[in-house]
Amino acid sequence: MKSVVSMQNFLRIGLILLATVWTTAAPAELLIRVTEGRVDAVPIAVVPFAGAHNAPENVSQIVEADLHRSGQFKPLPAEDMLSRPTNESEMIYRDFRVLGTEYVVTGSMKAQENGGYEVSYALFDVSRQVKLMEESYRPPASQLRDVAHAISDRIYEQLTGIPGAFSTKILYVTFNRHAADPYQLQYADADGHRVTTILRSKEPIMSPTWSPDGRKVAYVSFEDNGRPSIYTHELATTQRQKVSSFSGINGAPDWSPDGQKLALTLSRDGNPELYMLDLNTKALTRLTNHYGIDTEPRWLPDGESLVFTSSRSGGPQIYKLNINDKSVRRVSFQGAYNARPDVTPDGRYLVYVHRRNGNFNVGVQDLQRGTFNIVTRTDMDESPSVAPNGSMVIYGTQDRGTGVLQAVSIDGRVKVELPSKEGEVREPAWSPFL
Amino acid sequence: MRSILNPLFALMLAAALAACSSTPTEDDSSATDTTAQQTDTSPVTPVEPAEPVKPDTSSIPLTADNFYNHPSNYDGTTDTRVIYFAFDSNTVPAAAFETLRAHATYLKNNANAKVRLEGHADERGTREYNVALSERRAKAVEKFLRVQGVSSSQLEIVSYGEEKPAAFGHSEMDWAKNRRVEINYTAGRP
Chain A
323 MKSVVSMQNF
333 LRIGLILLAT
343 VWTTAAPAEL
353 LIRVTEGRVD
363 AVPIAVVPFA
373 GAHNAPENVS
383 QIVEADLHRS
393 GQFKPLPAED
403 MLSRPTNESE
413 MIYRDFRVLG
423 TEYVVTGSMK
433 AQENGGYEVS
443 YALFDVSRQV
453 KLMEESYRPP
463 ASQLRDVAHA
473 ISDRIYEQLT
483 GIPGAFSTKI
493 LYVTFNRHAA
503 DPYQLQYADA
513 DGHRVTTILR
523 SKEPIMSPTW
533 SPDGRKVAYV
543 SFEDNGRPSI
553 YTHELATTQR
563 QKVSSFSGIN
573 GAPDWSPDGQ
583 KLALTLSRDG
593 NPELYMLDLN
603 TKALTRLTNH
613 YGIDTEPRWL
623 PDGESLVFTS
633 SRSGGPQIYK
643 LNINDKSVRR
653 VSFQGAYNAR
663 PDVTPDGRYL
673 VYVHRRNGNF
683 NVGVQDLQRG
693 TFNIVTRTDM
703 DESPSVAPNG
713 SMVIYGTQDR
723 GTGVLQAVSI
733 DGRVKVELPS
743 KEGEVREPAW
753 SPFL
Chain B
196 MRSILNPLFA
206 LMLAAALAAC
216 SSTPTEDDSS
226 ATDTTAQQTD
236 TSPVTPVEPA
246 EPVKPDTSSI
256 PLTADNFYNH
266 PSNYDGTTDT
276 RVIYFAFDSN
286 TVPAAAFETL
296 RAHATYLKNN
306 ANAKVRLEGH
316 ADERGTREYN
326 VALSERRAKA
336 VEKFLRVQGV
346 SSSQLEIVSY
356 GEEKPAAFGH
366 SEMDWAKNRR
376 VEINYTAGRP
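Chains as they are written, first to last, in our numbering: chain A, 323 to 756; chain B, 196 to 385.
Simulated from the structure, these hints should not be mistaken for lab results.
Only some residues are given here: those of chain B computed to face chain A with a beta carbon under 10 Å:
{"hint": "1", "residue": "Asp283"}
{"hint": "2", "residue": "Glu318"}
{"hint": "3", "residue": "Gly320"}
{"hint": "4", "residue": "Val326"}
{"hint": "5", "residue": "Val353"}
{"hint": "6", "residue": "Ser354"}
{"hint": "7", "residue": "Tyr355"}
{"hint": "8", "residue": "Thr381"}
Glycine is no exception: its CB is placed at the ideal position from the N, C-alpha and C atoms.
Chain A with its partners taken away, still in its complex shape (with noise of 0.2 Å):
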């Protein structure tokens, strides 16, 4: 069952491509490192493609570097293969059995005549000695880091049930004190690699968000005299629009899953509420109304309903509201400080910020069982954000004094460290799939 990718699927990596083609300069790519993996992560072996380190990019390379990431799957080290296959005719399963491996990728990648490349892979399962899947694409070699995400996305699906989101990307914000502009939003693959700089400034950008199509995003700068605005901003033209300026906050905007409307936090009436700003009519609705301060908002998969941080009580916490008939139930209750949520693309967790003991750090919450478990063991955690296939968290933190990304599996069981190599970076937003 081979099979050429489509036209379509082709299309699509081209657009994402088109995306990164107004890059200025190469920022710092971030470096990723796996502290904790699942003890039972499943024994794999990608074997280095035939041809690959010829090539721009090692695709069997960063494919296992993608499954490692995941912290589901164990890599078996190049050194350690008895033997190297690169195709079915060349496969002998007792070479993997042996080694305890239980399956097996392999793969090759042949340069074409228009400068692209042919990239052929295959999965193996090692017990059962069954050809899984096999596959190619025909990239320019400009893509090749896509179709080997690609690639691990589809072994992901095969072997877990759960869609890979090794071709999504992150956005965040940079903070260099030393730079002429000190902030900067930005966005890398999952894997850190391909930085883009999306906006620089002298003033505070703030809480970057993706619309539902990951076409645009939005944020709050505070560029114009450092009064805060919120603007939505289209990746691929770099076209962007300012669409709220009022007086007072403007901030903590949030995409409707229907890519129609903001969540927005503003205190033009005095002070922090909710609203709901349609995108296409510009029609602005109040969501909440309490002396308290209300913010933070997280559209729940429903489009019905929010998440939001509340004052309301006293300290923050987590509550829900119902846009339609703007009822507000609250949702945290462990501990005096909950706040920040985000929620997985399911509906049934919220992970968002806790603090104990003067710590703060994410806390995921089960909505049908009602647990709730702290799952970093970092300090000063903030602004998680959940990955699409609701595998992953990505957050902010601090290391040693500056502001770094981590990612914390949602059972806690896997952690993985994102240092950037200068400044700080702050504010991840795990993107939609694309």
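Since the structure of chain A is already known, use the hints to place chain B on it.
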């Protein structure tokens, strides 16, 4: 050559010397004495402080806990442009009243003058929640000035949360320096 010794500097100097002394319960005269001794060895001529010195409090060492209400942070004139706050608080500190009254008087006498009250928070907690908290600090200062009779048209509020720290470290003292409202004259600066 400096011809003016800032009274704020004199106070801090006195406090620092008092703190170094082996007799921590010194009265005001000895505090003044040490200042005088210091100036003897210096070409700088001290200027009498415009306001009566409050040695009981100024000799209290500056700590992260009392920073917001420490007299050395407020000179009682419009020269002071930063008001500090206690942790998790938006109460204007008593030590800043005189300074804020001076700003109020100036604003009332200069209708063209405008200030932007910029609220800030320390880095603990989530960013947008901190924006909301720091707006409350700026509003507390705004309310103080309004009660003194300042026109609302002369006042603007911007809240930055933890996005523009004054101190970049991560100690209690850094946080104390970052919980603040900056009084920024955008027109008619004194």
